[in-house]
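With these hints in hand, go ahead and build the complete structure from the sequences.
Numbering (full-length UniProt numbering), first residue to last: 1 to 132.
What the hints contain is simulated information worked out from the structure, not anything from laboratory work.
Wrong hints could be hidden among the right ones.
What the hints assert, rightly or not - Distance condition first, Cα-Cα at most 30 Å in a straight line; then the derived DSSO-like pairs of lysine-lysine: (1) K122 <-> K91; (2) K91 <-> K20; (3) K2 <-> K20; (4) K130 <-> K117; (5) K131 <-> K89; (6) K11 <-> K122; (7) K131 <-> K117; (8) K11 <-> K89; (9) K91 <-> K2; (10) K130 <-> K89; (11) K2 <-> K117; (12) K91 <-> K11; (13) K131 <-> K20; (14) K89 <-> K2; (15) K20 <-> K89; (16) K131 <-> K91; (17) K130 <-> K20; (18) K11 <-> K130.
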Amino acid sequence: MKTGLSELDAKRLLDAIDSKMNSLGFQISETPDFLIDIRSIEYQGAPRNTVGVGLGGAGRNMGGGISLGIPVGQGNLNRQISIDFVDEKGKGLFWQAVSESSFNPNTTPENREAQLKAIVAKVLAGYPPKKS
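This is the structure in structure tokens:
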């Protein structure tokens, strides 16, 4: 499965999902009722700080101005993780969770694992879907 995550982060995420699903009473099976598909993308967020420079002038019944915003620093690195539950019997997607969070590629393995566990706990809090 291509998740868009590093091999180690994919394992951390799969372990967190497996643990959460086990706590909900689901087990891995050779003949599953549904499959879970995971996709992740990383993207650069917009910088939060800018410096504004303005010029203006007026005279003889005329006016004008120029304004410029200059980004300062880099934006945050963000990660979006989509977890899709797909019916194995051909009905297609029946539940989806999407998480967006900031991401630090230089954090420790322990912090990565903790962040991925927190993401899984949050996005799977609404699973299984309530029957209406």
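Of the numbered hints stated earlier in the document, which are not met by this structure? none
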